[in-house]
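K.L.:
Chain by chain, the residues:
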Amino acid sequence: MKQLELKRRDFLKATAVTGIGAALGSSIAGLASAQPTKTAETSTIKIVKTNCRSCTADCGVLAHVRDGRVIKLEGNPEFERSRGALCAKGLSGIQALYHPSRNKYPMKRVGARGENKWMRVSWDQALNEIAAKLMEIREKYGAEAVLGSTGGGGNPNFLSCCRFSDVFGSPNWFEPGCAQCYMPRQMVYQMMYGGGPTGNPSLADSNCLELYFYDEIKVKTVVLWATDPSYSGPAQAGRAINELRARGVQTIVIDPRFTPDAAKAEIWLPIRPGTDVALMLAWIRYILDKKLYDADFVMKWTNLPFLVNAKTKMLLRASDLKAGGDANTFVVWDKKTQSAQPLAYPWDDSLEPVLDGAFTVGGVECKTGFRLLKEKTEPFTLAKAAEICWLDADMIEKAIKLYGENTPSSICLGVATDQNANSTQAAMGTATLDMLMGNVEKPGTIMQRYEEGDIGNLRSTMLKKFLSEEQLNKRLGGIEHKGLLRWWAAQPTYILEAMTTGKPYRLRAWIERSGNKLGTVANASAWIEGMKQLELIVQMFVYPTSFSAYADYLLPANEWLETDFMVSSYNRMFARQAVTHLWETMNETWFWARLAKKCAELGHENCKKAFDPKETAPELPYYDTYEEQMDGWSAYFGMTWAEYKAKMPFEFNSMERWRRFYVYKETDPKTGKPKGFGTQSKKCEIYAESMIILGRTGKPWTTFILPPASKDYEPLPHYVEPPEGPNTEGIAAKYPLVMTNGRLPIWHHTTLRNIPYLREIFPVAEIWINPVDASASGVSPGDWVWVESPRGKIRAKARVTQGMARGVVYMERFWNPETVDTETHGWQEMNVNVLSKNSAPFNDVCGTYTLRGYQVRVSKADGPPAGVWLKPEDFKPWLPQPSDPTKLVEL
Amino acid sequence: MAHKTLVIDLDRCLGCFSCEVACKMENGVALGVYFNKVLTIGPTGTFPDVEMYFLPTVCQECADAPCVKVCPTGASYKTEDGIVLINKDICIGCRYCMMACPYGARSFNNDAKVVEKCTLCVHLQAIGEQPACVKNCCGKARLFGDIDDPASDVSKALKAAGSDAVHSLPDVGNHPSVRYILHRKTATWQQSQPENTGRESQNG
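Protein chains in written order, with numbering that gives the first Met the number 0: chain S, 0 to 890; chain D, 0 to 203.
Don't read these hints as lab results, they were simulated from the structure.
None of these values were measured; they are calculated from a predicted model.
Here a beta-carbon is modelled for each residue, glycine too, at the ideal position from N, C-alpha and C.
A portion of the hints provided could be inaccurate.
What the hints assert, rightly or not - Residues from chain D that face chain S, not an exhaustive set, calculated with beta carbons under 8 angstroms:
| id | residue |
| --- | --- |
| 1 | Cys15 |
| 2 | Glu50 |
| 3 | Trp188 |
Using the sequences plus the hints, can you model the full thing?
P.N.:
Following this line, the structure appears as structure tokens:
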């Protein structure tokens with residue numbers, strides 16, 4: 000029986016080059032014993048406090064360990080964000096850790112690419128050969144020909160890939176999230192508010208911490224815009240919103256899918272995907288029109304009274320009024336003197352600034368920021384928004400009134416708006432709304448500045464200064480889309496273009512780490528041709544994915560139960576700590592550092608320097624041993640890593656210091672004036688002039704002034720109709736339905752599709768479709784259907800539901816680990832990103848392409864794709880095969 | 000006499016399947032077998048006027064348990080705490096109890112040739128802990144305790160919810176003890192569960 004199961008995975012068979020014992024997947028030894036080698040009588044159970052990394056939320060976990068084997072996981076009640084809750088993903092940690100398909104040893108391709116023949120090699124050999132090839136490519140073609148990539152899904156230290164690229168000298172690394180996930184919101188809120196790492200509206204990224212203080216309940220209305228916390232973070236944000244609802248907090252959900260949060264909300268607005276900004280503009284218009292905004296806050300603490308040169312779109316400065324005037328003092332129109340006057344920070348009682356107006360200053364036409372915002376929103380009446388967004392105008396009004404009148408309120412903005420060309424505009428829209436309402440740094444509101452100090456930097460961070468001006472200028476897509484500078488990343492479609500056409504230059508090597516790149520990049524099929532052009536493809540991951548079939552080296556990465564990291568929550572430090580270590584797996588952060596070391600040994604100057612703390616300061620360096628690295632990271636707290644683990648959890652600030660309200664009103668000891676916000680003007684910059692400056696120079700994220708983008712970025716939110724939408728000529732007739740995506744509570748990105756207990760819950764990709772659309776497509780509940788876009792065709796099972804907006808269909812990302820050895824390599828059967836759109840137009844600021852809000856059609860299919868597993872029992876070969884711990888590989 | 004059982008607050012249930020997986024991990028439940036299975040009820044109504052809630056189905060710990068009555072060997076029994084259990088040593092795998100259970104809460108273990116069900120994690124109770132599904136619940140929707148004790152958390156929760164919001168699965172004389180809290184504000188309790196609630200109906 001067991002042998003039969005083994006045969007189902009040709010990956011294993013193929014590794015017979017060195018015998019099955021060295022296999023990538025299961026080993027015979029692993030099958031032999033599900034029990035620890037010691038007898039039960041001699042063993043004791045140790046409970047280790049650690050933190051999950053099945054997604055990015057880091058929930059507290061108690062790992063029960065017997066004789067080195069993890070036998071049970073449960074939530075740790077001490078960890079404030081999750082308070083003992085643990086979701087299905089976290090609970091699956093054991094099935095992931097002891098998965099028979101784990102990558103166990105470094106493997107090198109021995110047959111032709113895609114032939115699936117592998118040979119086990121030592122880590123030293125693998126790293127030496129990879130480093131030598133990278134150095135050769137750098138010598139011949141330049142470091143920019145080396146592409147790095149990473150991705151979410153258990154990534155233990157996100158920026159470690161970026162750091163390697165900086166040190167090696169390549170401007171080209173990417174991850175499929177970035178401009179499509181989180182970065183637009185994080186970047187825009189930093190530019191408009193300046194609230195630091197936690198000062199943004201992304202619930203799923205462990206922000207909006209004020210909502211977790213539900214016993215105090217200061218917030219009255221929470222808008223869940225494009226976010227589904229019950230699904231994206233059940234143990235944390237989902238739980239917190241639940242507690243708020245139980246205490247009477249009102250919620251509004253804006254989502255085309257009837258999520259659990261929508262079911263529990265006061266108001267559900269099932270919006271057409273990709274049109275959120277039109278709705279936001281209508282909200283803003285209504286709030287301005289009905290004067291629902293906080294007039295005092297808007298006047299004194301936003302930049303809307305400031306005058307803007309209508310032609311240049313730049314704010315007027317005192318230096319524009321007269322020579323020698325201060326360039327950081329902005330100008331208002333004073334009602335009393337009927338003249339333009341500099342407004343000394345923070346406020347000048349002798350002036351009476353006009354909020355809404357147009358004036359001529361020294362012959363130049365000027366308008367207040369407020370007037371420009373009003374003009375921008377003018378076309379977006381309730382009726383207009385209802386028409387664009389496929390909503391009911393009365394329901395929109397009801398929602399705005401709840402948000403605008405039942406205050407303080409806050410808007411949590413999720414990932415959905417990051418996944419189309421309106422990405423940054425959407426974040427500007429919600430920031431504008433919360434700022435207009437004065438929902439800033441009040442008790443209960445989500446825009447807050449917690450005193451986190453430097454704890455976010457205690458790890459493998461970017462090393463921006465290691466990347467030269469010449470190399471930075473070569474970043475693919477980097478000049479046109481300067482928002483990418485925020486994460487110091489390149490743009491995926493520009494990368495693909497370079498890979499396939501050699502324009503502007505050819506890429507030669509790709510070092511990749513993620514759940515499955517072919518499941519996450521838009522228009523996945525287009526990447527295969529590009530990959531064929533590469534001389535070297537290395538994949539580091541926990542188990543084989545679709546990507547593995549195209550690689551030259553496969554390197555085994557740790558599961559989260561094997562990794563160490565510092566985790567903070569509510570002013571306390573916790574530790575993700577290695578509970579075991581299996582086979583020859585390696586921590587990914589450590590892998591990138593070892594690769595840099597090998598390059599240093601081959602004469603790479605910057606790679607050498609990266610090990611010198613004087614060269615990397617203020618960032619931490621690379622270290623020579625793993626122990627030194629962990630001790631180096633924890634030195635900030637005056638502890639070794641061993642001491643840190645023994646002492647945690649511990650507070651790193653006084654609670655009073657960590658959580659304060661109205662930080663902007665505190666006196667800055669350096670100036671004697673209020674601290675204000677973290678922006679140029681120290682005001683909330685609803686008129687985001689900084690966007691124009693970013694597009695022209697790369698400031699504030701760049702290390703060198705860059706040439707301007709082809710067009711200025713706009714300082715106010717503006718709506719762009721989806722480039723491939725139901726109104727697009729020549730498309731809608733053939734592809735009548737709008738595709739959206741969204742999380743399910745059992746997956747994170749493309750990980751965990753090989754977990755038996757999770758796959759039995761959701762064995763195949765589903766398409767959720769309204770009965771009206773199903774009937775029009777000839778589809779009945781439970782039918783297998785074809786889903787097609789102009790880019791490709793996949794299959795899915797129809798869930799016909801009244802919980803989908805008409806004209807909109809939903810799919811979660813899917814791939815099939817059970818068919819990685821077949822011709823499809825598991826990414827072609829049910830992968831929605833075969834359909835998604837990676838072509839221009841992109842978001843101008845950060846190059847976002849279209850993962851949601853493009854057109855598809857649905858038709859009945861004969862049955863499921865060949866070879867996919869459908870029934871719970873099918874997943875039996877993936878049940879865990881526990882094994883004993885091994886020592887870390889010495890390098 | 001004590002009657003320990005579950006009270007599940009459906010206003011709070013997030014539909015995240017954490018309880019289902021926690022149960023399976025804790026009890027090593029086979030693939031395709033569920034001691035605790037979360038059903039999606041709805042969406043009912045017509046878009047956009049729809050309702051939905053999640054219904055975790057477990058052994059209902061009946062006061063008058065038909066499974067105990069029909070068991071020919073006494074393997075199915077009730078503890079002093081009112082919990083229905085199976086003594087696997089004397090279960091002969093005849094599966095009469097599976098036919099008798101109105102809720103399909105019992106399953107057959109093909110390897111051991113015995114019938115199994117939710118035990119409310121008696122092995123954890125024995126060391127003073129809550130069942131795994133209760134401990135890990137993300138929505139804090141599940142409560143475990145003595146429904147006969149007015150001072151228990153479960154009794155207090157039922158009292159606070161008000162009788163209109165307290166529901167149980169259909170009673171055919173077996174008197175199920177598990178209680179579900181669902182207020183109209185969240186959704187209307189569906190007394191006869193629509194056919195289209197199980198995952199099999201969608202995916203099987």
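K.L.:
Per the CB criterion, is tryptophan 188(D) less than 8 angstroms away from chain S?
P.N.:
Violated. Min distance 14 angstroms.
K.L.:
Under 8 angstroms, Cβ to Cβ, is where cysteine 15(D) needs to be relative to chain S, so tell me if that hint holds or is violated.
P.N.:
holds, 4 angstroms
K.L.:
Would the hint on glutamate 50(D) stand, with a C-beta cut-off of 8 angstroms toward chain S?
P.N.:
With a closest approach of 7 angstroms, the glutamate 50(D) hint holds.
Taken one by one, the earlier hints fail for this structure only at number 3.
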